[in-house]
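Keeping their order, the protein sequence lines are chains S, Z, F and W. Numbering that gives the first Met the number 0 numbers the first residue of the first sequence as 0 and each following residue consecutively. Numbering that gives the first Met the number 0 numbers the first residue of the second sequence as 0 and each following residue consecutively. Numbering that gives the first Met the number 0 numbers the first residue of the third sequence as 0 and each following residue consecutively. Numbering that gives the first Met the number 0 numbers the first residue of the fourth sequence as 0 and each following residue consecutively.
Hints in this document: simulated from the structure, not taken from any laboratory. Any given hint could be a false lead.
To be verified - Calculated lysine-lysine pairs in the DSSO-like style (CA-CA distance at most 30 Å, straight line):
id, chain 1, residue 1, chain 2, residue 2
1, Z, 318, F, 215
2, F, 53, W, 389
3, W, 389, W, 49
4, W, 32, F, 53
5, Z, 316, S, 347
6, Z, 31, W, 127
7, Z, 31, S, 318
Computed from a predicted model, the values in this text were never measured in an experiment.
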Amino acid sequence: MTSNGMECSAANDVLLEVKNIYKNFGVTIALKDVSFSLERGKVYGLIGENGSGKSTVSSIIAGMQPASQGHMVYKNEEWNPSTMLVAQEKGIGMIVQESGTIPNISVAENIFLGHERLFSKGLFVDRKAMTQKAQELLDSFGISMFKASDRTSHLDMQMRKIIEIVKCLYWNPDLLIVDETSTALSLEGREFLYSVLDRLRKENKCVLFISHDLNEMMEHCDNLTVLRDGVIIGTLEKKEYEPNVIRKMMVGREIKGDYYRSDMDACSDEVVLKADCITTLEKLLCFSLELHKGEILGIGGLSDCGMHDVGRALFGIEKVLDGEVKVRGCTISSPQDAIANRMAYVSKNRDTESLGLSATIFENIASTGYRVNRWFANIVSGRKENAYVDNQIHELSIKCAGKHYAVNTLSGGNKQKVVFGKWVASNADILVLDCPTRGIDVGVKASMYKLFYEMKKSDKAIILISEELPELIGLCDRVIIMKDGRISHEAFRTEGLTEHGLIDYMI
Amino acid sequence: MFRNRKAKDALFTFAFPLAMFVLMELLCFFLKGRHLVGSLLDVKTLVRNTGISAIIAFALSFNLSCGRFDLSLGAQRLAGTIIGGMIAMELGLSGLWFLLFSFLCGLVFGFITGMVFVITRVPPMVLGVGIGLVWECVPYTMSKGKGLNLFGVHGTEILTDTVFTIAVMIVVAVFVSLIMNRTKFGYEMKAIQGSQLIARNSGINIFRHAVLCYMFAGGLVCVAGIIDAAFQTQMSSTMGLASNGVVVSNMFAMMLGGYIGERSNQATGVIVASLTLNLFSYGLTLMELSEANTSVVNQTVFVLFLVFLANRYYFRKRKAEKARIAQALEQRRIMSVA
Amino acid sequence: MKCSEWCSKASASFRRFTEDRLFSRLLPVVFLLVLVCVFSIATGGRFTSAQSMKVIVQQALIVATVSTGACFIFATNNVNLAMGATTVLTAVLSGMAYNATNSVVVMVVVALLLGSVIMTVSALLSTLLRVRVMFVTIVMMSLLSAVQESILGGSTISLPYEMITMLTDMNFSYIAFGSFFIGCVILFHFTDVGRSLRFIGTNSTCAEQTGISRNKYMLIAFITAGVGCGIAALLAIVRAASIGSKTLSSLNMDCMLALVLGGMSIFGGSKSFAFAGVVGAVTVCVLNQGLLMVGVSSSIIQGIRGILFLILVCTAQTRPKGLPAPEG
Amino acid sequence: MKKVLVVLIVSLLATSMLFAGGASEEKGAAQFKIGVATIHEGETWEIQKKYFNEEVGPALNMQFMFSEKLNDANGLVDFMDQAYAAGCVGIINFVTSNDAVAQGSRKAEEWGVWFVTQNSALNSNVAKITHNLGHCGASATGMGRAYGEAINDLVSDGKEHSIFIFSGAAVGGAIGQGAASHYYTVEGILNAMKEKYNLKYELGIDEIINNQNPGEVATGNPNVKIYIYPGTNVSSAITAAQTQLQNGPYDIFAAVFSYSSFSNAIADVEKSTGKNIKVLGTVSIEKQTSTGFSSMDSFGDSVLSAAVLNPLNIQNGMCAVILYNALTGHAEAMKANGHTILFKVEPWFCKDAKTYENISKLDNSHETYVLNGEDLKALCVENNPAITYKDIEAKLVELSNIDAIIEKRLK
């Protein structure tokens, strides 16, 4: 009855309509003909794997970036927000994945950042009124973990996230977009978020909720839309929810013959890298791991489970306080040590950490080979260096107008190829790869998988840190699932290894 | 508990000038057999020097706390003070107008510098060199190389008056603390210090903000400039970016002020820091140290302070690391038991 | 509408063109040649006379030496404001060393050592003790000139004319500059040191993760610049036979000016090249000389220098989207 | 944005060119191009430039190219290079250190241009260099005498007075390092005080002046104190002067330059201590000196109590004459047996405002120039073949009598 009623009123209550949206990043197609509509009084769930286009579509709605094609209608008007602020003023608020609070100011100041005018008293800003207003806001949500006058730097990640939620809610959005916020929240924080969802639903507002956590999605969303590779696979009503069905929809890509490896080859028993009960300042506590020659070891988990820290610690970037990382008997305590022991590291943040964007392809690849390419004393041989670089450009078929073009002119996939190029060229035999296929289109991905396999075949050891479970399952000889800085599960490569077999260990 | 903390903060803040006073007083007394502050005139000199250096330190803090070091600030001081003074002199106005016109000229030069900065977006230090060369040239050409000469100009006495200097310093301090703490500008300032990107995403116009910073800085150095010029009866128009020395020498006051101000507020911090450093150099003058040696001592202390500032969290971090190691050992023990 | 479209297209292609490396390297040279032509026409050919050219070369020498050394620091996306002060202090002390020992060898050794030692201190302050490079160089600038003044008082260090004549006769200046310059070009463009420095300037995090130690290479960059300061100190001694408290007081600014006029990328990194200092130093001297010969008063020349500097910076560099990062 | 930028820069450039156009020197049919390497700036320098351009230039068929303010030998050499490249045939050098004179002379010899220096002491090391035409500067003994006269005038009340001296660049002045005129000024004061009060200095006068650190001079008389503050940084000197004047018995303040910068500090001390402080300074004929004599302190005295005038334009004019004679082929006449000469210009002592009133009318137009075009022409060998360096010396002695000059020029 109620659902019928809702459906009846739906025709009039459509808040936002997305029509045939496309989005390309260079050659990568992030969204392909995406259409849906959102109605008032409902909480919509958007679910899909990493890189499936969830964040892209929500950021387009919230005005962070424009669509390449297609259009949107919001409150019966053409919707084309130029910035997030415009969107916010018109009633679409978004809580973003990355942290958006400033540490050195108070909670109240963060909530009203950029809108201090609201409390203008002549030329001045009335701090008392601002703090009071913020406190009222916090009280109205029943938040007692911190006060509006507290300095944000004294709060933990979860509380900061809550500030962002409150900041967004102050504007009374008609449409609230929550993008993977819950992973940063503990139980208490999640309860708060859920209460917000309920409240908005009651107030006849609309929520677009994005999360990895299937259980929470099923529990709190009235409607689930599944995205895969930028395409909407399907939409389910609450009564149709069935975890297995949803998972299948999310994962169910066709696994072509050569996309992932199909063999069950084992690896040697020789340990090439060993982390012995390592502890870092933040995430890892007594973490141990062994990597064998010719092995691809996958590490998976939620983004803040500590798996990225493992990569950094193994390569000597993050300080290991206790325990040690050993490669063939040598202790690794800095990237220099690691490289001297023929290790390689591809960072999750490719553009800021693994590449010199304004440098040329040549300079990036050659950066690992200064020593190898010496001609005499410290003088580098141009001929050797050219060969060193050309070889990689050819081998990895990097698409570029020439090796002397800046890397920032390349597409994401080709940029990543350049990163690989520099390490392959350096002849590293232990590779620590942190999300190497992030933001890369399918074609390049396939060739990378092939490359990993070839490396394995030539007895190199790879640690593959990834947020994408299918990738881990498809490629790795062994998969470690991490949770809260510890290993929560370890699985070996078998035919029966499936995603939902692993997902439970992540949450 | 709260009151206790406030008292502690106040103690921390005033400990600096007090300790410096005691130190220099002792040195003066035992080495030279005299007191650091022996008369009202000593107080007057100290107040004036403190005022001038505090105002310059405030000016510096506008840009430096956003990570910009403007090498043309000295040239702006020169240009604004000389041209403002010349205008006031031309119009036959009295003391306060000199201050006003210099301030206004400073705002104009600061504004233009800021505009050039946000339009070109060249790193501030590099930009400062280019634009500083131009600014130095302006007063030189306009005054035919004479600079500003206030010797015997009527009505400028007020600018050298102690009470007036204190008043100006307080007005500037109040202005700066109001603008930093109470206005939208101040809120934006803190946000930009935290993260330029988030601030920008939150709708703060960082470009307008930068222009304002440059503008206020320009205005303030010129206020300090005209007080200085009035006392020395002149400001000569120098070239070759020599004008920057005065500004750079007050950087210590600004940095120390920022540090002291963490426990109270920046305005108090800067004034207290300026007072501390002026007590220091006044003491050195009394001990008949030559100007170069005073400078050597001063700069050496500054280096040490910078080293301290850069490594002040080192021990805290070490402590956290040690705690973590202990935790790790505990974990190992548990695991070995298991 | 069409016009604006065309404009945007033209400006885009202009952008692309200016981002081209060859352009950024050629522009300063072209600019220099144009300047020479203009002045030569304006002065009826007197500007390009042999005597005038010789003078320009002699004058450019000191600035060219210091800025060639400074290239190494610029390449890592840092600016050193204390180069001038280092040079002058080195000159004072090596002059004193000569007067004490009467040995040219001692003077040369002292100059080279001292230059690099002072720079090493600066480098260690910023790497080991983690003080920001900007602050280190500002405070070093004041400290070094205070030390210099404290040593000199009001006096000057004078060196015997015979020694200077001897060094001048054996073309000491040209040889010293030439060998340093060639050394720098080789180090900067043909060895792993230069490549590493430029890579640090492009992205120091990435460099660190590629095994290029920032601390080590910063030290090398500063020491190289220090050697440059030492040589420049010797050149200054040979040029005027005396060092006073105000000698070369604008050297540092001249160097920054020269580097930018010479087409050095102000953000350092891969677009840096070692001969920017030389091209720029010559440009500065040509400007000074030419304008003076045309009859512009010396005070105005400074302003024109500043404006040309700004124009060149704007045309040759890519404008960032946000404001330059704090470290710049 | 790009357009705004272009407009901005073009307009900046345009204004600068406008300035440049306005500032460029007019090109007459001048024959001799002379480079003037100055150490002056400000009003003093503007007055001298005017004299060069309006009086000396037309009279001696010269065109001048002025440097920016130079600091040392390095700057001089740089400027000489530029001047030579720009076609200068003679250099008038104001940079006084021995090194500068030596380097300049050698440079002049190398380029083949004539070189004359304004300095109070002769650098005899380079006296034999052909193109070095010697020095013309304030007479050391004259400075001493003028200051002696000034001190005697100030202490003539029979009481015991103490003095604070801001000695500027006096350190090394006698051996060609600092400024010779500063050195001899301080020497003059010390000698006058010694004579007046029978002081017994513990150290030699040379040692006292060459002390780089500020401090009291041991005078042997506890009631007569002398304090010397060396250095050229005026603002730190002000602080030092103020504390010493305040706390010490000093009631005479003597500055070798820039006395006016101290006027507020001194006024403060006068007000706070009730002590009447006399101010003595080296000045030139300019507006500021009139102000100094005409404005009153809290005791109703003029701010500037007495002054020694250094007639810079006499030096300038003479330097030009010497160059002209050399350029017209009579360099030998300007030297004694091929040895350069130090031409001494006697300073004038001006004891009160009334005397200065007359002096202030001098040296600002063709009619009132102490050494005008006709005088200059009369000293040229070309016009008067009998002229030698002795005639110039004689002329300088004639010009030392300020009363006679006033009589002649102002009628």
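Proposed proximity, residue 127 of chain W with residue 31 of chain Z (alpha carbon, max 30 Å):
With Cα atoms ~51 Å apart, residue 31 of chain Z and residue 127 of chain W exceed 30 Å; violated.
Does residue 318 of chain S lie within 30 Å of residue 31 of chain Z when you go C-alpha to C-alpha?
Violated - the C-alpha atoms of residue 318 of chain S and residue 31 of chain Z are around 54 Å apart, more than 30 Å.
Residue 389 of chain W and residue 49 of chain W were given as a pair; does the straight-line alpha-carbon distance stay at or below 30 Å?
holds (28 Å)
Check the hint pairing residue 318 of chain Z with residue 215 of chain F against an upper bound of 30 Å on the C-alpha distance.
Holds, at roughly 28 Å.
Given the hint that residue 53 of chain F pairs with residue 389 of chain W, test it: the Cα-Cα distance must not exceed 30 Å.
violated (40 Å)
Between residue 316 of chain Z and residue 347 of chain S, does the CA-CA distance stay at or below 30 Å?
holds (26 Å)
Can you confirm whether the C-alpha distance between residue 32 of chain W and residue 53 of chain F stays at or below 30 Å?
holds (20 Å)
When each numbered hint is compared with the structure, violations occur for hints 2, 6, 7.
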